[in-house]
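Residue numbers (the numbering used here), protein chains in the order written: chain A, 1 to 149; chain B, 1 to 149; chain C, 1 to 149; chain D, 1 to 149.
Just so you know, these hints were derived from the structure itself, not from any lab. There could be a bad hint or two in this list.
[Said to hold, decoys possible] Under 10 Å between C-beta atoms, here's a sample of chain A residues computed to sit facing chain B:
#, residue
1, 35
2, 57
3, 66
4, 115
5, 117
6, 124
[To be verified] Listed below are the simulated SDA-like cross-link pairs for lysine to any residue, each with C-alpha atoms no more than 20 Å apart in a straight line:
#, chain 1, residue 1, chain 2, residue 2
7, D, 128, C, 74
8, D, 128, C, 29
9, A, 144, A, 28
10, C, 128, D, 4
11, B, 128, A, 52
12, C, 128, D, 62
13, C, 95, C, 29
14, A, 144, A, 96
15, B, 95, A, 76
16, A, 128, A, 92
17, B, 128, A, 28
18, B, 128, A, 92
19, B, 128, A, 144
20, C, 95, D, 128
21, A, 128, B, 95
22, C, 95, D, 75
23, D, 128, C, 112
24, D, 128, C, 5
25, C, 128, D, 6
26, A, 95, B, 128
27, C, 128, C, 29
28, D, 128, C, 28
29, A, 144, A, 52
30, A, 95, B, 4
31, A, 128, B, 5
32, A, 128, B, 126
In this text, a Cβ means the ideal position worked out from N, Cα and C, and glycines have one as well.
There are 4 protein chains.
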Amino acid sequence: MSERAAPAPRDGFSIFYSLNTRWADNDIYGHINNVAYYAFFDSVVNRFLIEEGGMRLGHDNVVGYVVNSSADYFSPLTYPQELELGLRISRMGEKSVTWEIGVFAHGAALSSVTGRFTHAFVDREANKSAAIPSGIRRAIEALKSPSDS
Amino acid sequence: MSERAAPAPRDGFSIFYSLNTRWADNDIYGHINNVAYYAFFDSVVNRFLIEEGGMRLGHDNVVGYVVNSSADYFSPLTYPQELELGLRISRMGEKSVTWEIGVFAHGAALSSVTGRFTHAFVDREANKSAAIPSGIRRAIEALKSPSDS
Amino acid sequence: MSERAAPAPRDGFSIFYSLNTRWADNDIYGHINNVAYYAFFDSVVNRFLIEEGGMRLGHDNVVGYVVNSSADYFSPLTYPQELELGLRISRMGEKSVTWEIGVFAHGAALSSVTGRFTHAFVDREANKSAAIPSGIRRAIEALKSPSDS
Amino acid sequence: MSERAAPAPRDGFSIFYSLNTRWADNDIYGHINNVAYYAFFDSVVNRFLIEEGGMRLGHDNVVGYVVNSSADYFSPLTYPQELELGLRISRMGEKSVTWEIGVFAHGAALSSVTGRFTHAFVDREANKSAAIPSGIRRAIEALKSPSDS
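For reference, chain A alone in the conformation it holds in the complex:
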């Protein structure tokens, strides 16, 4: 949210996903709309949770609810570009994790957009906060280690 936010360098991210833009991502100015990026963030993190963390869509009792999110927009992107989304952890607690996502034009050194959001984990049946499930915690720890070393 700071006005001094700066693009994020590519090598600060631990894992990358490619993402096709869509016609509907463009707004009336011919740029990818600010809202669309949040859909990108959501997709990347949920894909990580499913593929790396063993999350089973619609079957888990403990799930992450988004409690806050934000983004800084540095340079416009446009459909039909192919994008690369970098993912890293900016903070992990007992019951919550904050993801940071960098949106890069294909091959770019600096992010066009950087966003972040916090998942607070909730036991849906008990309707109360819960520890991060162990499979997800392990995936997060594996994600963190490359950049730590």
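Keeping the supplied structure of chain A fixed, place chains B, C and D upon it in accordance with the hints.
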């Protein structure tokens, strides 16, 4: 983005718009998805710019680009609820304005979600930053006065 | 799908819902995008199923899956218009129903867009086709009667 | 729209595009929502128009408006699958073209969804119908030839 963010009281907002939720706003957990709220924010502010600020869709040379945005999520909402969106100004400069939007369940005293984003105005032809157009500035000033008095 | 499709008159519809357009519904040409109308259709029918047919979001075992859909576009609409959506039944069988939706500019006599889609009901646990649930069937029959009389 | 619609075989399509699904494509039943497919169709055709037909986003005076669209849904798909979209021409006139799109799970022989829509070309300044621009016509003809030979 602070973890201590709290719901916003209804009487802090200057103008309200009603908004129908849509089936597609619900995610797999049966709640309005975190991304959808940013589409709500965008809609409310652009409606204000058009109806109060004289913005002519697709014809103006000076337009607002979103440079940052954020939201805090306090309690879930679900399609098919009717919502009320309150709009206020949190900061206005020479060339930019920061909007704040409270999302309220119909009749609720406190916001379920509060978001904000900054429009930096740009001269599209010259491709450089520009002063807020006078019609929009007047509308913003009119929006501010009720809560200031 | 016929090229001779014509706008539908307002009085052919049994029930109406109002719908706010959103900024993101507009495409790069400043018109509501062809895709957005299908989101409108989905919203109107699911609202009818919930409010009139007793559908409980995420709790029913027998649900309707969309097996086909189509739309004819007669005249452009633009955010921030308020729309009225008319709903009627074009065909009902034992296990499926075809909905027809007319999208009207506020107060317009003829539809700007007319669409339709077929719900085939499925028992999710058994993973096979199922009769239309009785509450939904009753709501459909109540919807049909005004225009039949 | 026929109830006898059948999945389309892969070899009936002339050109393929890969497409990442997104978290928001899933509906409350954990399947890609019927509406999302129309966004896929739109994306594939516009990408073809830009990359093969020389369409310049937001700069062309003659553009295609969608006058009708339809889809048949044969089997559910789910985020985070990777999809392949096949494109072919089902009809071309002087001033309009009907596109057909097959949505395939990665490597599948038969489409999970098949859709189609008609673009009628319009001179935006004159606000009247127009011949298909020559660059687009050439691209369409090139698309047709492989399957004709």
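Going through the hints against the structure:
1. 35: holds (4 Å)
2. 57: holds (7 Å)
3. 66: holds (4 Å)
4. 115: holds (9 Å)
5. 117: Hint on residue 117(A): holds, closest Cβ of chain B at ~7 Å, below 10 Å.
6. 124: holds (8 Å)
7. 128(D) to 74(C): Between residue 128(D) and residue 74(C) the Cα gap is close to 14 Å, so the pair holds against 20 Å.
8. 128(D) to 29(C): holds (15 Å)
9. 144(A) to 28(A): Roughly 39 Å separates the two Cα atoms, so the pair is violated.
10. 128(C) to 4(D): Within the cut-off at roughly 18 Å; holds.
11. 128(B) to 52(A): Given that 20 Å is the threshold and the Cα spacing comes to 43 Å, the pair is violated.
12. 128(C) to 62(D): violated (48 Å)
13. 95(C) to 29(C): The hint is violated at about 40 Å.
14. 144(A) to 96(A): holds (15 Å)
15. 95(B) to 76(A): Holds - the C-alpha atoms of residue 76(A) and residue 95(B) are around 19 Å apart, at most 20 Å.
16. 128(A) to 92(A): holds (19 Å)
17. 128(B) to 28(A): Judged against 20 Å, a Cα distance of about 19 Å means the pair holds.
18. 128(B) to 92(A): Since the Cα atoms of residue 128(B) and residue 92(A) sit roughly 39 Å apart, the hinted pair is violated (cutoff 20 Å).
19. 128(B) to 144(A): violated (39 Å)
20. 95(C) to 128(D): violated (44 Å)
21. 128(A) to 95(B): Given pair residue 128(A), residue 95(B) is violated - Cα atoms ~44 Å apart, limit 20 Å.
22. 95(C) to 75(D): holds (18 Å)
23. 128(D) to 112(C): Measuring from Cα to Cα gives roughly 18 Å; hence the hint holds.
24. 128(D) to 5(C): This hinted pair holds, its Cα atoms lying about 19 Å apart.
25. 128(C) to 6(D): holds (18 Å)
26. 95(A) to 128(B): violated (44 Å)
27. 128(C) to 29(C): Given pair residue 128(C), residue 29(C) is violated - Cα atoms ~43 Å apart, limit 20 Å.
28. 128(D) to 28(C): Cα-Cα ~19 Å, so holds.
29. 144(A) to 52(A): At roughly 13 Å apart (the allowed maximum being 20 Å), residue 52(A) and residue 144(A) satisfy the hint.
30. 95(A) to 4(B): Between residue 95(A) and residue 4(B) the Cα gap is close to 16 Å, so the pair holds against 20 Å.
31. 128(A) to 5(B): Measuring from Cα to Cα gives roughly 19 Å; hence the hint holds.
32. 128(A) to 126(B): violated (53 Å)
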